[in-house]
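**Q** Residue-level listing of the chains:
Number of protein chains: 2
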Amino acid sequence: MKLRPAQILVLGFATVILVGAVLLSLPVASKSGESVGFLNALFTATSAVCVTGLVVVDTYTQYSLFGQILIMFLIQIGGLGFMTMTTLIFLILGKRITLKERLVMREALNQLTLAGVVKLTRYIIFTTLIFEGLGAFFLSLRFVRVYGLYRGIYYGIFHAVSAFNNAGFDLIGNFRSLTPFVEDPLVNIVIMGLIIFGGLGFSVIYDVFTIRNFHRLSLHSKVVLTMTVFLLVAGFLVIYALEYSNPKTLGSLSPAGKILAAAFQSVTPRTAGFNTISLPDMSLAAKYFTIFLMFIGASPGSTGGGVKTTTFALVLMMIYSVITSKEDVEIYKRRIPMDNVFKASVITVMALLQVLSVSLLLAITEGADFMSILYETVSAFGTVGLSMGITPHLSDAGKVLIILTMFSGRLGPLTIALALASKKKTAMLKYPEERILVG
Amino acid sequence: MKLRPAQILVLGFATVILVGAVLLSLPVASKSGESVGFLNALFTATSAVCVTGLVVVDTYTQYSLFGQILIMFLIQIGGLGFMTMTTLIFLILGKRITLKERLVMREALNQLTLAGVVKLTRYIIFTTLIFEGLGAFFLSLRFVRVYGLYRGIYYGIFHAVSAFNNAGFDLIGNFRSLTPFVEDPLVNIVIMGLIIFGGLGFSVIYDVFTIRNFHRLSLHSKVVLTMTVFLLVAGFLVIYALEYSNPKTLGSLSPAGKILAAAFQSVTPRTAGFNTISLPDMSLAAKYFTIFLMFIGASPGSTGGGVKTTTFALVLMMIYSVITSKEDVEIYKRRIPMDNVFKASVITVMALLQVLSVSLLLAITEGADFMSILYETVSAFGTVGLSMGITPHLSDAGKVLIILTMFSGRLGPLTIALALASKKKTAMLKYPEERILVG
Ligand SMILES: [K+]
Ligand SMILES: [K+]
Chain P
1 MKLRPAQILV
11 LGFATVILVG
21 AVLLSLPVAS
31 KSGESVGFLN
41 ALFTATSAVC
51 VTGLVVVDTY
61 TQYSLFGQIL
71 IMFLIQIGGL
81 GFMTMTTLIF
91 LILGKRITLK
101 ERLVMREALN
111 QLTLAGVVKL
121 TRYIIFTTLI
131 FEGLGAFFLS
141 LRFVRVYGLY
151 RGIYYGIFHA
161 VSAFNNAGFD
171 LIGNFRSLTP
181 FVEDPLVNIV
191 IMGLIIFGGL
201 GFSVIYDVFT
211 IRNFHRLSLH
221 SKVVLTMTVF
231 LLVAGFLVIY
241 ALEYSNPKTL
251 GSLSPAGKIL
261 AAAFQSVTPR
271 TAGFNTISLP
281 DMSLAAKYFT
291 IFLMFIGASP
301 GSTGGGVKTT
311 TFALVLMMIY
321 SVITSKEDVE
331 IYKRRIPMDN
341 VFKASVITVM
351 ALLQVLSVSL
361 LLAITEGADF
371 MSILYETVSA
381 FGTVGLSMGI
391 TPHLSDAGKV
401 LIILTMFSGR
411 LGPLTIALAL
421 ASKKKTAMLK
431 YPEERILVG
Chain E
1 MKLRPAQILV
11 LGFATVILVG
21 AVLLSLPVAS
31 KSGESVGFLN
41 ALFTATSAVC
51 VTGLVVVDTY
61 TQYSLFGQIL
71 IMFLIQIGGL
81 GFMTMTTLIF
91 LILGKRITLK
101 ERLVMREALN
111 QLTLAGVVKL
121 TRYIIFTTLI
131 FEGLGAFFLS
141 LRFVRVYGLY
151 RGIYYGIFHA
161 VSAFNNAGFD
171 LIGNFRSLTP
181 FVEDPLVNIV
191 IMGLIIFGGL
201 GFSVIYDVFT
211 IRNFHRLSLH
221 SKVVLTMTVF
231 LLVAGFLVIY
241 ALEYSNPKTL
251 GSLSPAGKIL
261 AAAFQSVTPR
271 TAGFNTISLP
281 DMSLAAKYFT
291 IFLMFIGASP
301 GSTGGGVKTT
311 TFALVLMMIY
321 SVITSKEDVE
331 IYKRRIPMDN
341 VFKASVITVM
351 ALLQVLSVSL
361 LLAITEGADF
371 MSILYETVSA
381 FGTVGLSMGI
391 TPHLSDAGKV
401 LIILTMFSGR
411 LGPLTIALAL
421 ASKKKTAMLK
431 YPEERILVG
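Chains as they are written, first to last, in full-length UniProt numbering: chain P, 1 to 439; chain E, 1 to 439.
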């Protein structure tokens with residue numbers, strides 16, 4: 001039996017998660033020497049491999065050093081694995097791009113040979129290590145002063161890996177995430193930088209570093225960079241305005257701290273999952289706005305999740321075309337093929353249907369308020385990891401639902417669907433066409 | 001200057017609403033003899049013409065007989081006007097159907113001449129009067145016994161008009177809607193019947209009454225009927241199960257009353273807006289499920305709102321095709337043209353974006369909880385009229401937002417967009433194609 005790419009991805013991820021869950025459920029993985037229980041271990045392993053960061057138990061308080069380092073490795077495998085695997089599988093197969101296949105960097109790196117594959121993989125690993133190494137160095141400068149030499153260096157490495165892979169796991173303890181460092185420029189800027197670069201996707205980083213001229217970049221890279229800057233700036237302005245006078249979030253900070261915290265809170269929903277201010281204390285409008293950002297997420301082929309910046313951009317441009325009665329969807333003087341636009345809208349609608357269905361089920365299984373349920377669902381789907389605090393109190397059914405949501409959110413509903421589907425059939429018989437009145 | 005069809009619709013509706021608002025703000029329209037205020041009158045007129053049923057003031061308590069009858073006329077103009085205008089405008093123009101134009105019954109009634117137009121209009125008015133007349137007669141049988149002869153007959157007519165046009169306005173008083181009649185089979189069955197027939201759309205009613213054989217119906221009619229039955233049955237089962245033991249809704253009713261109330265509560269979100277049980281007392285899951293039903297709404301060219309049953313059906317079938325790796329979207333042995341499917345997904349995404357944006361703004365302007373805000377927004381967008389009770393307490397900004405949402409929900413975001421857009425341009429220059437990686 002020959003596995004199709006989507007099936008390789010799904011089975012590969014599932015295997016890593018299961019192995020991770022078994023190891024994390026060992027007593028030696030827990031600080032207390034008592035097993036955390038298989039469901040909680042499965043939750044943690046899924047959250048780590050899918051670089052989500054939602055936690056049912058506090059990482060620092062619950063897990064031993066062995067458990068913590070295992071989680072770090074799961075994050076690295078998950079982040080790197082997804083980046084390389086999605087990139088490679090489709091390049092190796094060299095499939096023609098259709099509505100139902102993912103295009104990965106065909107334009108950026110064409111004519112791939114086996115030598116090219118090895119080179120590409122090496123390039124991706126090298127890039128990852130450079131970013132994580134630099135991040136770990138700068139973070140250690142601060143953490144050594146807080147936690148001492150060894151623990152400080154260890155914390156630098158762990159949080160650099162967690163940030164570049166958009167995982168959002170932390171070792172600060174008691175579910176506090178990075179709140180103790182809310183006004184620390186060094187920690188904030190390094191973490192934000194790692195998140196942003198990790199969320200661009202390898203092909204864009206490659207494009208930018210080799211071409212160095214915006215006008216000559218691939219259309220994909222241009223759209224990713226434009227949307228990223230737009231979402232970061234808009235996110236900063238909206239959160240700064242909405243939370244400026246909220247005494248429980250930005251209100252009590254210094255002027256510089258306000259700017260830093262609002263910037264961090266615009267970066268992290270896409271889709272890192274760290275936080276420096278108290279999320280449940282944010283205003284209703286700011287929480288809701290954060291849900292939007294989490295849903296959009298990062299860019300394709302990156303360590304981040306969500307429906308992706310480019311998908312959102314195409315949907316916006318599609319609406320713009322309809323409104324202005326244009327025949328084609330055009331961006332930066334390029335015409336986007338209709339099946340490309342169509343795929344973006346299929347992904348968006350599928351993602352929305354999934355988020356809505358899961359949150360409807362959680363509304364039945366959990367006793368929480370609606371905003372918390374929707375927030376947690378989108379956070380899981382977008383592999384974000386921001387939380388209203390209900391995750392540690394989920395029922396078993398709720399945990400299973402969130403585990404499945406993280407998994408399909410990481411691989412994309414489309415990939416899961418393709419993995420489950422039987423092989424593509426070409427219809428023997430074409431039925432006659434007939435229209436339906438819509439809208 | 002020649003107006004385009006979308007502009008005629010938008011300007012026509014706006015004019016009727018403004019005239020209605022001016023009349024309703026006259027002191028003589030109020031029971032107390034004091035004007036209700038222009039903003040409240042504008043809200044009521046918009047709600048009536050857009051057959052929504054959301055109210056900032058109680059219709060019976062606030063408005064004089066003159067005001068009430070005016071509201072009934074606005075409902076009739078709105079319901080009938082939309083049905084005939086959407087049907088006619090596009091038939092008269094005989095436009096080729098593109099992504100950007102609405103198809104109305106081209107298949108059902110082809111080769112339309114001016115004589116045909118007059119005949120069609122007469123047919124629509126005749127059908128409406130038959131349904132409303134029968135409904136008014138049966139409702140009067142009950143209402144005469146409760147309210148006396150004259151008021152009973154008047155109530156029969158008012159509520160028949162309100163139900164067939166999916167308007168949801170009532171004269172029971174104190175925002176109670178039809179709750180006093182929760183266990184009354186006659187009122188329930190007549191109102192449900194009017195809502196369902198009103199929500200099918202004229203072309204389907206015509207099709208069914210002339211052809212009388214499911215297999216020979218147009219594909220459009222088949223899809224409308226299938227989805228309508230499916231949504232009614234599914235809605236009934238879900239609400240019955242979720243609310244069965246809720247003492248504040250179904251729990252306190254007799255076995256037959258439970259069935260009647262659950263049935264009613266599955267019919268009314270699409271998109272009538274009457275209620276027989278207390279909506280704010282429903283469980284979180286049932287409220288959320290109701291939001292789904294409200295969003296989907298009724299069928300195209302009908303008196304109901306929402307994204308429409310056929311739009312939802314096409315989106316579901318599109319996802320099914322992607323999952324099963326089929327090349328085409330097929331329903332009942334017919335292939336749906338790709339631009340038809342594409343339009344359905346554009347409408348869905350536009351509707352979602354609008355609902356999300358409006359509820360985000362309401363989260364800023366109003367002090368209500370998130371579920372109530374989302375519920376009220378979808379209710380306004382789908383011209384449903386069900387309410388968590390926050391509408392009478394809206395801020396002025398909130399009222400304006402809901403007014404705009406009802407208006408664009410009734411005409412469809414696409415129609416509004418087309419009315420605002422400049423004339424269709426054929427691009428002089430085709431840009432080269434380039435793909436973007438999505439999802
Ligand atoms: K994350
Ligand atoms: K209504």
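Note that these hints are calculated values from the structure, not bench results.
Even glycine gets a Cβ: it sits at the ideal position worked out from N, Cα and C.
Mixed in with the good hints, there may be bad ones.
No farther apart than 25 Å at their CA atoms in a straight line, the calculated lysine to any residue pairs in the SDA-like style are these [unchecked claim]:
1. E:326 / P:337
2. P:326 / E:431
3. E:222 / P:241
4. E:399 / P:433
5. E:430 / P:337
Estimated spans, in silico, between C-beta atoms of each pair [unchecked claim]:
6. E:233 / P:130: 52 to 60 Å
7. P:37 / E:173: 55 to 63 Å
8. P:130 / E:396: 49 to 57 Å
9. P:145 / E:280: 52 to 60 Å
10. P:332 / E:353: 20 to 28 Å
**Q** Would you pick out the hints that fail for this structure and give their numbers low to high?
**A** 3 and 4
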